[in-house]
Amino acid sequence: MSEVRAEMVANVWKVVAAEGEAVTDGDTLVILESMKMEIPVLAEDSGTLTRLAVAEGDVVQEGDLIAVIE
Amino acid sequence: MLESVLVANRGEIARRIIATAHRLGLRAVAVYSEADADLPFVREADVAVPIGPAQPARSYLNGAAVLAAAVQTGAQSVHPGYGFLAESHAFAASVIEAGLTWVGPSPDSIEQMGDKINARNLMEQAGVPVAAGTKQPVADEAAALAAAELIGYPVMIKASAGGGGIGMSAAADPAQLAAGFETARSRAERFFGSPAILLERCIHRARHVEVQILGLNDGRVLALGERDCSVQRRHQKVAEEAPSPGIGPELRASMLATAVRAGQAVSYRGAGTVEFLVDVSTGDFVFLEMNARLQVEHPVTELVTGIDLVEQQFLIAAGLDISFAPDQVAPSGHALELRVYAEDSKRFLPSPGTITEWAEPSGPGVRVDAGYAAGNTVTPFYDPLLAKLCVHGADRAQALQRARAAVASFGIGGLRTNLGFHAELLESPEFGSGGYDTSLVTRLRPG
Chain A
1374 MSEVRAEMVA NVWKVVAAEG EAVTDGDTLV ILESMKMEIP VLAEDSGTLT
1424 RLAVAEGDVV QEGDLIAVIE
Chain B
-4 MLESVLVANR GEIARRIIAT AHRLGLRAVA VYSEADADLP FVREADVAVP
46 IGPAQPARSY LNGAAVLAAA VQTGAQSVHP GYGFLAESHA FAASVIEAGL
96 TWVGPSPDSI EQMGDKINAR NLMEQAGVPV AAGTKQPVAD EAAALAAAEL
146 IGYPVMIKAS AGGGGIGMSA AADPAQLAAG FETARSRAER FFGSPAILLE
196 RCIHRARHVE VQILGLNDGR VLALGERDCS VQRRHQKVAE EAPSPGIGPE
246 LRASMLATAV RAGQAVSYRG AGTVEFLVDV STGDFVFLEM NARLQVEHPV
296 TELVTGIDLV EQQFLIAAGL DISFAPDQVA PSGHALELRV YAEDSKRFLP
346 SPGTITEWAE PSGPGVRVDA GYAAGNTVTP FYDPLLAKLC VHGADRAQAL
396 QRARAAVASF GIGGLRTNLG FHAELLESPE FGSGGYDTSL VTRLRPG
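Protein chains in written order, with my numbering: chain A, 1374 to 1443; chain B, -4 to 442.
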């Protein structure tokens, strides 16, 4: 199991992947936006996206859980 | 003279405009979002009006809320700063319609220059050199590929309504163009409200050199020297200097004269900037865009000319003469501006957070335009600019020396900043030599 966490305070601009989907290492899961910059959050493992903890418009803090891949 | 001004902006530029307003005896009204209530500019204004939540679309970009605040506080004029509503011709028109004075160029000039395709076409007609490019919006990928064949690779893909380097990318071949086109379109739509895309021939090694212009009430357009803005990351400026170490007297004279012609072509009034790209290998220059507003990096021009550009904006908006004699402008010495961003020094990734320590450098020739102070929280909602560290010296060597000392003594704690990058930049032989171009940062940070 791998957990994907936010690297910085940011707004969730776009959710690209969906729960239950098969993802591959390097796939874009969500796109964060901070300080007018888009920051793609990538899968760090291949597997099934069992949890997507954020929705578009959310504000995430550094270290917040974004997704779980199993 | 004007009696009062509402500053429709935030952070360092709001504070900087308020300072000149106060020096000239104007009452200053600030507007602020929920996220910015504790910032210095709110405290320093005579009156401050909350205009909405943190999201720019619901506060600083909400023209109706800004205008309502102006009317409510009896502000006589509106200064937009840069970004946000500064280049919204509709907002400028609404301010004028409400009977207030707009501290900026006419809505017509803003509209003409806001669309880059239109601006390029207009400039070409006025005899200003432009790079080979599309004369109308590129509709789809197929049209983009066809246009690029005529222009020649590499090409730049740009949002016609864009600015600030956002959504801009280079394509070296058809595959890259095909890959980049849709991304550029969706970003253009999202950030600028228009999907219109412009393709332009990309210059391999270029310097970004821009000219500060001032359009007077009698129709004259002055050129107040150039700024070199070639130190960029992600097509956004990080450091600027005046004069440009990369151009000689002849090229300078030619660029200044061309900038004046560009301003005259749109009957420009107030402070504006004509941006050019200089091809390092040929010495040729082409028009890039015209910014119909005050520019972030205006302090370097102020430091070498001794002219307060915001004061001139107020005077021109009030229908008055400027404060100096145009033929007496004698630039002296050398100035640098380092943009201190809330981002790490290696990858330049955003680093919002709470500022626990804030100690500004001082000393001869040092000017700091800061938007924050200790205890403030830097949120992810706005650009990462914390402060502009500016220095002036008798020559470039002295300016560099002062900048190194100022960077070393700038104490910011609680979040990551790019001060470390600036320290490296000032030590880099390429920057030190003055012979750099827009890919300097990429060379300092390969990969």
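Any given hint could be a false lead.
[As the list claims (entries may be wrong)] Using 27 Å as the maximum straight-line C-alpha spacing, the simulated DSSO-like pairs for lysine-lysine come out as follows: (1) A/1387 to B/130; (2) B/341 to A/1387; (3) A/1409 to A/1387.
[Claimed, not checked] Calculated Cβ distances over 10 Å to all of chain A for the following chain B residues: (4) 33; (5) 89; (6) 120; (7) 159; (8) 337; (9) 351; (10) 360; (11) 375; (12) 378.
Quick caveat, the hints were computed from the structure, so don't treat them as lab data.
Keep in mind that this is a model prediction, so the values were computed, not measured.
Note that beta-carbon positions come from the ideal geometry of N, C-alpha and C, so glycine has one too.
Checked hints:
Taking the CA atoms of residue 1387 of chain A and residue 130 of chain B, the gap is near 33 Å; set against the 27 Å cutoff, the hint is violated. Restraint check for residue 341 of chain B and residue 1387 of chain A: the C-alpha separation of about 26 Å stays at or below 27 Å, so the hint holds. For the proposed pair residue 1409 of chain A and residue 1387 of chain A, the alpha carbon gap of about 14 Å is at most 27 Å, so the pair holds. No Cβ of chain A approaches the Cβ of residue 33 of chain B within 10 Å, the least distance being about 17 Å, so the stated non-interface status holds.
Non-interface status of residue 89 of chain B relative to chain A is upheld: no Cβ of that chain comes within 10 Å, the nearest being about 25 Å off. Distance check on residue 120 of chain B: its Cβ is at least 33 Å (rounded) from any Cβ of chain A, clearing the 10 Å threshold; non-interface status holds. Chain A draws residue 159 of chain B into its interface by the beta-carbon criterion, the shortest separation being 8 Å against a cut-off of 10 Å. A beta-carbon of chain A is positioned within 10 Å of the beta-carbon of residue 337 of chain B; the least distance is around 7 Å.
Residue 351 of chain B, annotated as away from the interface, keeps every beta carbon of chain A farther than 10 Å; the closest lies near 16 Å. Non-interface call for residue 360 of chain B relative to chain A: holds, since the shortest CB-CB distance, roughly 30 Å, exceeds 10 Å. Once the 10 Å rule is applied to beta carbons, residue 375 of chain B is inconsistent with being away from chain A; the minimum gap is 4 Å. Interface exclusion of residue 378 of chain B from chain A breaks down, the closest Cβ pair being 5 Å apart, not more than 10 Å.
In the structure shown, a violation is registered for the earlier hints numbered 1, 7, 8, 11, 12, in ascending order.
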